[in-house]
Amino acid sequence: MGEEHYLELCESPVQFEHASNVNNVFFDEANKQVFAVRSGGATGVVVKGPEDKSSVAFRMDDKGEVKCIKFSIGNKILAVQRTSKSVDFINFIPDYPHTEFTQECKTKNASVLGFCWTNWNEIVFITDQGIEFYQVFPDKRSLKLLKSQSINVNWYQYCPETAVILLSTTVQGNILQPFAFRNGTMSKMSKFEIELPVVPKPAKLSLSERDIAMATIYGQLFVMYLKHHSRTANSPSAEVVLYHLPREGACKKSHVLKLNTTGKFALNIVDNLVVVHHQSSQTSLIFDIKLKDPDCAVNTHQPVLPARSIHPYRIPLSGPAVVPSQPPVPCQLYSSSWSVFQPDIIISASEGYLWYLQVKLPPTVNLLQDKGKLMDFLLRRRDCKMVILSVCSQILEGGEKGSLPVVATVFDKLNQVYKEYLEAEQTYTVAMESGPSRGSAAQKRPVRTQAVIDQSDMYTHVLSSFTERKGVSHKFIIAVLMEYIRSLNQFQITVQHYLYELVIKTLVQHNLFYMLHQFLQYHVLSDSKPLACLLLSLESTYPPAHQLSLDMLKRLSTANDEIVEVLLSKQQVLGALRFIRSVGGHDNVSARKFLDAAQQTGDQMLFYTVFRSFQQRNQRLRGSPNFNPGEHCEEHVVHFKQLFGDQALMKPSTV
Amino acid sequence: MASGMQEKQYTPSLLSFFVYNPTFGPREGEEEKKILFYHPSDVEKNEKIRNVGLCEAIVQFTRTFCPTKPAKSLHTQKNRQFFFEPEDNFWIVMVVRNPMIEKPNKDGKPPTVEYQEEEILDTVYGAVVRECYSMYKLFNGTFGRAMEAGGVELLIQKLEKFFYRYLQTLHLQSCDLLDVFGGISFFPLDKMTYLKIQSFVNRVEESLDLIKYTAFLYNDQLIWSGLEQDDMRILYKYLTTSLFPRHSEPELAGRDSPLRPEVAGNLLHYGRFLTGPTNLKDPEAKFRFPKIFVSTDDGYEELHLIVYKVRQTSVELTRDFCEQLDGLVGPQLTLLASDICEQFTINRRISGPDKEPQFKFIYFNHMNLAEKSTIHMRKTASVCLTSVHPDLMKILGDINCDFARVDEDEEIIVKAMTDYWVVGKKSDQRELYVILNQKNANLIEVNEEVKRLCATQFNNIFFLD
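Chains as they are written, first to last, in the UniProt record's numbering: chain W, 1 to 655; chain S, 1 to 465.
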């Protein structure tokens, strides 16, 4: 069966001192930093970020138990909450005074639930009675209230990516009020209600903070609600309900992910996939909200793949104390000590690790039998290119019967994405060429994602090796190449020359010249000079290639010189002369070339005709039948005189 | 009586047709054994022997002058004989009576008969004889094959069976230049539709192992052939002049009306087999398809010819063992073919209704056998209608003979009687014949006119001026 684990923990986790009674651990979702606070900070605070350079270590006075600790963006100002009334600040900007300063919440009798940095100097306090939005002045060691809003708050969630704070309000807690922050402004977004499976009586807080998560999926902000099954309501299994939260306008229930089981769950977002971890079965499911399920009702989704556990992970023992022979310790996955944060973070505070969850694409290939669906799935993933190409190779070399329709579907899906990219690129180029016009300053160069599989990718990684593979019927090879060309044409993508070359090579190898002829006849292989030259080279094995080549050169209408060369090489001197005259290039051609060719034929009359023709041209152009020295026709003049005598030369006409 | 005073014109007609092998009866008294087939069969035995002997003698005699190219035809006042040796020592001879004019005489004397011995062309009827053999070979394989399989008896039997019917379909009076070319008319198609057809053909061939080759035709014109050129040439001839016309009668009513009603939806039943069973649902239906023989790298292979037709689109499927074939292809194939058919209809609407062609011309390309004629009306099983006078057709044939004599490109312009100009052009492997009817036109004007034609009709191919 091979590898089946399609989820894995990153190889190099962020390591920190594990939580203990002397060491408190905090995680800041905004900066993705882990704070290890020893003895209230007196014996040291170690901050570990995703990169080593964002790690900081410092000491602070122990002024009581730390409830929450976060850096502002860019590690400029540290905010520490120790009481339910106030938040303390410490400057981390060099040259600014380091002494702590404190801000109490403005609302009387309110207790601070927490705070969020929305900028390097902007902070939001969330209290049980509302929110307060402050600007911090580190130099003056003071804060200024920008805006506040009173509202009863049960709990809150923050999405740093979009700077949206979600507040749980009302007694049941299921009315959610989002606020968006940007550059010193706070805007209230439209509130919405989460449908509870059971409405409790009497009313009590029924929506837990643990069951709500915010994340951006495919560039859109969603609120994910883990709806547990309930015995009273008729819902046999749990599901995840997604609410789409647009910047403007109302929030809408948009997707339902069917979990088909019950128990304890946790959510992550990886590569725009919703990952649902199920603790009791120690497995995870993935959902792609863009993948349409024909068997399901609108926007109801089944897992893309069967449930599998995260790839087994061994904790690498590092540091000077490691004995080389000591094997890495297997890590307990789905441990109850795990905390899951958005979008893709898993933290084991007791062990002191922070991992990023990753999707491994190769195992998905064998788990998803429907190749069309597989392609839809892969094309939306970040590191998909090589996997997609390997799938292409696989379906071509599998040699299963009836695979052509599958091949066609896959090609069409690839080229759809390829075409969209080409179009965006072209629009961009046109916009750039026409100059930066007003209003369209935001024109961005389209990003080429890995899903853009172009012809050269296909050629290099799939088609060239496929056509050389032994044991594949040439019929199938040609059918596949034609299918690819058909698909490209269907999306109006210009086919590259090397693909035509591959078709021709394959046809020639199997002596299928008549097939080649028909393809050319219907212009399936588009005209080009290189293709015409390739055809010319086939003339010795397939004489009609000569005619096909000439026709192609003619249609190109920019290849008159090549046509003359071809005709002259066939000793069709008169034909060449007549041709160049018909296209109006007679005055500019090299007389020497024609005279050489005429002389080589050994046909004296032909030489005479060609010679006289050029003398007439000279007469017309320069008023004299003589050749210019630059034309290097001296030997031909001598040859002409030898054959026909001096008197046969055309004399300059006297006016 | 007025009618009795009129001249009576007789077109060329088949006098006799025979196949013989001189090695089968080398001794005296055994001459009859040489004869493998003789039409008409009611000719007296000795006369058969005499005629065969004469042909043998002529060929033998001319061989002394040129051992590799013995006589191909013999011209006499009343008839013309064509000799063809398709396989070693096997000869096919066709005797055609020259066209003649019967002029009634007064006073009850028998009418005077004037043979027009120069009116018929060797190239045309030589091609007819070769085609007779090719057609035999298409359905029976070579003479040699029959000999191997069942000796002379089998060969005689096969010849009898095949030619008895085939000769009745020969219409010597309407043979012309097109028979010399034996070309294929291709259906003009845009690249995308063509690629779709390719895709379809490939899929069908992939999913049905039995299918060896596929040819795709629309409206009697070829679009795709998986068969090699020479095999396709004769198969095309059979399909367009024999099989399709035979099956077209029921459809004729709607064929040429410009607005054929399009029935959407119920497309499933448009497809039918032209060979083999007429009704697949009939439990008694016999799944028997004609066999054909096509060339391969090493000899011949025997295939079954299956012709499947959806409206104007025909798909030929040739398979090795057809008994296994069932209706399972039917619906899928029909649907696909129907899609393509609709595409064609759209194309046709764009190109507008068939107009009277501006130029009367015949074009032929030896390289791909592509032929195009605006002179010929639709060919049917029985007649081949041309829109020009036979005299002009003969001039075309003559020009063609001239072209055949030399390798170089050339152009021939002929001023025919009755204001017609006939222009023949040969460029590389292509030939173009144009008939112009312009009163008082001079040579230069005619030349210009032909250039204009080339520029409009043949601008995408390389034609030397």
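Derived by calculation from the structure, the hints in this document are not laboratory data. If you're wondering where the values come from, they're calculated on a predicted model, not measured in any experiment. A couple of the hints might just be wrong.
[What the hints assert, rightly or not] Keeping only pairs whose Cα atoms sit at most 27 Å apart, straight-line, the calculated DSSO-like set for lysine-lysine is: (1) W:LYS253 / W:LYS201; (2) W:LYS258 / W:LYS290; (3) W:LYS475 / S:LYS212; (4) W:LYS505 / S:LYS191; (5) S:LYS191 / W:LYS529; (6) S:LYS109 / S:LYS45; (7) S:LYS415 / W:LYS470; (8) W:LYS419 / S:LYS415.
Evaluation of the provided hints:
{"no.": "1", "hint": "W:LYS253 / W:LYS201", "result": "holds (25 Å)"}
{"no.": "2", "hint": "W:LYS258 / W:LYS290", "result": "holds (15 Å)"}
{"no.": "3", "hint": "W:LYS475 / S:LYS212", "result": "holds (10 Å)"}
{"no.": "4", "hint": "W:LYS505 / S:LYS191", "result": "holds (21 Å)"}
{"no.": "5", "hint": "S:LYS191 / W:LYS529", "result": "holds (19 Å)"}
{"no.": "6", "hint": "S:LYS109 / S:LYS45", "result": "violated (34 Å)"}
{"no.": "7", "hint": "S:LYS415 / W:LYS470", "result": "violated (62 Å)"}
{"no.": "8", "hint": "W:LYS419 / S:LYS415", "result": "violated (57 Å)"}
The earlier numbered hints that this structure contradicts are 6, 7, 8.
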